[in-house]
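Residues per chain, in single letters:
Number of protein chains: 2
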Amino acid sequence: MKAQNSKQINSLYEREKRKINTQLQNLFKNKKPQSLYSPTSYILKNGGKRIRPMLVLFSAKAVGGSFERVKHAAIAVELLHSFSLVHDDIMDNADKRRNLLTLHKKYDLSTAILAGDSLLSIAYQELLKDLNKNTKSSIEIFTKALIEVCEGQSYDKDFETNNNVSLTDYKLMIKKKTAALTEMCCQLGAILGGGGKEQINSLKLFGRHLGFAFQIRDDLLDITAEENKFGKVLGGDLIEGKKTFLLLKALELAKANDKKFLLKLIKDKGTSTKNVIKYKDIYLRLGILDLAEKEVENNTNRALKQLNYLNNREKEKLIWLADHLLNRKN
Amino acid sequence: MKAQNSKQINSLYEREKRKINTQLQNLFKNKKPQSLYSPTSYILKNGGKRIRPMLVLFSAKAVGGSFERVKHAAIAVELLHSFSLVHDDIMDNADKRRNLLTLHKKYDLSTAILAGDSLLSIAYQELLKDLNKNTKSSIEIFTKALIEVCEGQSYDKDFETNNNVSLTDYKLMIKKKTAALTEMCCQLGAILGGGGKEQINSLKLFGRHLGFAFQIRDDLLDITAEENKFGKVLGGDLIEGKKTFLLLKALELAKANDKKFLLKLIKDKGTSTKNVIKYKDIYLRLGILDLAEKEVENNTNRALKQLNYLNNREKEKLIWLADHLLNRKN
Numbered sequence: 001m002k003a004q005n006s007k008q009i010n011s012l013y014e015r016e017k018r019k020i021n022t023q024l025q026n027l028f029k030n031k032k033p034q035s036l037y038s039p040t041s042y043i044l045k046n047g048g049k050r051i052r053p054m055l056v057l058f059s060a061k062a063v064g065g066s067f068e069r070v071k072h073a074a075i076a077v078e079l080l081h082s083f084s085l086v087h088d089d090i091m092d093n094a095d096k097r098r099n100l101l102t103l104h105k106k107y108d109l110s111t112a113i114l115a116g117d118s119l120l121s122i123a124y125q126e127l128l129k130d131l132n133k134n135t136k137s138s139i140e141i142f143t144k145a146l147i148e149v150c151e152g153q154s155y156d157k158d159f160e161t162n163n164n165v166s167l168t169d170y171k172l173m174i175k176k177k178t179a180a181l182t183e184m185c186c187q188l189g190a191i192l193g194g195g196g197k198e199q200i201n202s203l204k205l206f207g208r209h210l211g212f213a214f215q216i217r218d219d220l221l222d223i224t225a226e227e228n229k230f231g232k233v234l235g236g237d238l239i240e241g242k243k244t245f246l247l248l249k250a251l252e253l254a255k256a257n258d259k260k261f262l263l264k265l266i267k268d269k270g271t272s273t274k275n276v277i278k279y280k281d282i283y284l285r286l287g288i289l290d291l292a293e294k295e296v297e298n299n300t301n302r303a304l305k306q307l308n309y310l311n312n313r314e315k316e317k318l319i320w321l322a323d324h325l326l327n328r329k330n
Numbered sequence: 331m332k333a334q335n336s337k338q339i340n341s342l343y344e345r346e347k348r349k350i351n352t353q354l355q356n357l358f359k360n361k362k363p364q365s366l367y368s369p370t371s372y373i374l375k376n377g378g379k380r381i382r383p384m385l386v387l388f389s390a391k392a393v394g395g396s397f398e399r400v401k402h403a404a405i406a407v408e409l410l411h412s413f414s415l416v417h418d419d420i421m422d423n424a425d426k427r428r429n430l431l432t433l434h435k436k437y438d439l440s441t442a443i444l445a446g447d448s449l450l451s452i453a454y455q456e457l458l459k460d461l462n463k464n465t466k467s468s469i470e471i472f473t474k475a476l477i478e479v480c481e482g483q484s485y486d487k488d489f490e491t492n493n494n495v496s497l498t499d500y501k502l503m504i505k506k507k508t509a510a511l512t513e514m515c516c517q518l519g520a521i522l523g524g525g526g527k528e529q530i531n532s533l534k535l536f537g538r539h540l541g542f543a544f545q546i547r548d549d550l551l552d553i554t555a556e557e558n559k560f561g562k563v564l565g566g567d568l569i570e571g572k573k574t575f576l577l578l579k580a581l582e583l584a585k586a587n588d589k590k591f592l593l594k595l596i597k598d599k600g601t602s603t604k605n606v607i608k609y610k611d612i613y614l615r616l617g618i619l620d621l622a623e624k625e626v627e628n629n630t631n632r633a634l635k636q637l638n639y640l641n642n643r644e645k646e647k648l649i650w651l652a653d654h655l656l657n658r659k660n
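Line by line, the protein sequences give chains Z and Y.
Read in order, the letters of the first sequence correspond to residues 1 to 330 in our numbering.
Read in order, the letters of the second sequence correspond to residues 331 to 660 in our numbering.
Worth flagging that the hints you see were computed from the coordinates, not collected in a lab.
A quick note: this is a predicted structure, and the numbers were derived from the prediction, not measured.
Errors might be hidden in some of the hints.
As the list claims (entries may be wrong) - List of simulated lysine-lysine pairs, DSS-like, C-alpha gap at most 27 angstroms:
#, chain 1, residue 1, chain 2, residue 2
1, Y, Lys505, Z, Lys175
2, Y, Lys599, Z, Lys32
3, Z, Lys175, Y, Lys435
4, Y, Lys361, Z, Lys136
5, Y, Lys463, Z, Lys133
6, Y, Lys463, Z, Lys144
7, Y, Lys349, Z, Lys29
8, Z, Lys197, Y, Lys610
9, Y, Lys527, Z, Lys144
10, Z, Lys242, Y, Lys435
11, Z, Lys129, Y, Lys362
12, Z, Lys19, Z, Lys31
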């Protein structure tokens with residue numbers, strides 16, 4: 001992509017992100033009860049990347065539609081995503097997200113449960129605003145993604161106590177927890193943007209592969225990110241004993257003492273901060289980081305290949321977004 | 331209503347209830363992950379009255395439709411109701427419901443949150459199965475009810491710490507927490523049953539007034555029910571300091587020492603079991619139980635009046651259901 005184009009798309013992305021943030025804030029303005037809508041509003045101020053709404057917008061464009069036609073659907077997917085974050089943070093007992101207190105820490109458990117429920121209910125309400133035709137199929141795919149997100153979270157929770165998680169298990173989990181949502185965003189954008197059957201299918205698969213790449217990049221960033229951005233602790237996944245792509249791949253390849261040391265982390269359900277560097281050494285020795293990079297690359301290529309089936313020049317925006325996400329540093 | 335008819339409808343109700351229970355159990359059979367679907371299945375075994383599905387079925391019939399046409403919608407409203415119970419029980423820190431351990435007590439907090447989310451997601455999936463036309467309006471009213479249930483629960487939570495709740499506040503709360511759902515059930519049944527605009531509106535209002543009557547009957551039963559059925563403690567609302575119709579009406583009418591004693595319960599956020607009888611005495615002295623009975627009656631009459639606009643004989647089933655619910659002893 002030409003630098004010029006890239007710069008233009010970047011400005012567009014920033015502009016649309018601001019619009020989305022404004023829309024999100026306006027959603028709950030002056031709405032009662034305040035005890036419900038003030039917390040929901042709070043959580044939407046966290047300044048995320050708004051990737052999922054952007055996938056809806058750019059997918060609509062890629063099939064010849066307009067942003068205008070899918071702007072509520074874009075909000076709906078962000079609300080669905082936020083709902084899952086709020087409830088996941090309770091389950092993970094997380095104190096902070098993106099340097100802000102999580103909802104159950106800022107308020108209390110009841111408020112957080114109910115605010116999550118409310119985000120989901122408003123998600124459906126917003127989605128309905130963009131539905132005139134294809135109503136049933138749109139609600140169907142939105143609901144299917146929601147079901148998969150719940151199932152994915154359940155698998156993820158199971159992993160905490162299951163010491164025999166395989167890479168295959170892991171892939172099923174991220175398929176549901178992450179890829180199902182990005183897949184739905186692209187599919188929904190394509191449907192509402194007026195795409196044909198094959199265009200919709202291509203974009204759906206684009207979203208799915210992108211989701212895989214995105215999650216594995218996330219696993220990698222846990223140990224390679226520039227520290228302290230967005231309040232993430234480097235090696236946090238190791239400290240918590242999370243069964244990530246890196247850890248599971250390392251377990252497959254490690255031998256002798258390395259294997260013992262990895263199994264200890266599994267058994268102890270985590271490790272101390274000072275050990276992070278030791279585990280990183282094992283990863284480096286076994287070439288895990290390169291393998292993960294390769295996995296990100298493969299999934300990205302699979303995603304981009306799907307765009308070959310589209311002949312609209314607007315698909316450049318999706319190529320840019322994929323690049324932007326998968327080469328991110330945090 | 332003739333005794334003969336009443337008996338027939340009662341058998342029909344029992345038969346349909348069994349069918350609903352079977353459908354609910356089959357929903358999650360062999361579904362994975364088990365860690366998610368086994369708890370959701372557990373909570374649906376609690377043997378509730380299945381009033382809300384029955385409202386859907388009977389409303390469809392009352393406009394000339396068939397049970398067959400709305401059987402998934404009937405399941406959907408029960409799932410929505412169950413979702414709200416599971417999350418409410420967490421917020422209320424309730425140990426038991428209908429003599430069974432609540433989900434967060436039987437399993438744990440995370441499982442209960444996620445099972446609730448899942449029940450809601452499957453609710454939409456089920457509803458979609460009955461939608462061919464009127465898809466948008468059906469999803470709209472379903473979502474509107476969901477939003478109101480969340481808002482109602484938020485008001486209810488606010489009441490716990492607000493010592494100045496009025497009867498008007500209370501009515502807004504039960505409108506959202508209870509009546510919005512029964513209203514939606516009847517409206518949905520009427521729409522999917524193929525009813526005309528006026529029939530739909532009559533049934534919607536029938537459902538709303540019935541919801542009010544139902545909730546006030548519930549408040550009354552707290553102090554008048556046959557003890558120990560379904561594991562409810564007599565006077566439980568007083569012990570917990572819940573702002574019910576009874577308590578708020580009593581606060582309006584009480585003077586001198588009675589008023590002081592009532593305010594003490596508000597201030598202390600509840601009372602001891604041995605004081606229940608004293609509060610019941612105040613209620614009796616002030617005629618609160620009669621006033622509440624009158625309120626149930628008025629709302630029931632408002633509901634039944636709406637059925638005058640329907641000329642289908644099948645409306646007898648709704649009359650029977652209203653009678654069955656509002657004259658219940660527990």
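Structure-based check of all given hints:
1. Lys505(Y) <-> Lys175(Z): The hint is violated at about 40 angstroms.
2. Lys599(Y) <-> Lys32(Z): Within the cut-off at roughly 25 angstroms; holds.
3. Lys175(Z) <-> Lys435(Y): violated, 30 angstroms
4. Lys361(Y) <-> Lys136(Z): holds, 24 angstroms
5. Lys463(Y) <-> Lys133(Z): holds, 11 angstroms
6. Lys463(Y) <-> Lys144(Z): With Cα atoms ~20 angstroms apart, Lys463(Y) and Lys144(Z) stay inside 27 angstroms; holds.
7. Lys349(Y) <-> Lys29(Z): violated, 44 angstroms
8. Lys197(Z) <-> Lys610(Y): violated, 67 angstroms
9. Lys527(Y) <-> Lys144(Z): Violated - the C-alpha atoms of Lys144(Z) and Lys527(Y) are around 31 angstroms apart, more than 27 angstroms.
10. Lys242(Z) <-> Lys435(Y): holds, 26 angstroms
11. Lys129(Z) <-> Lys362(Y): violated, 33 angstroms
12. Lys19(Z) <-> Lys31(Z): Given that 27 angstroms is the threshold and the Cα spacing comes to 20 angstroms, the pair holds.
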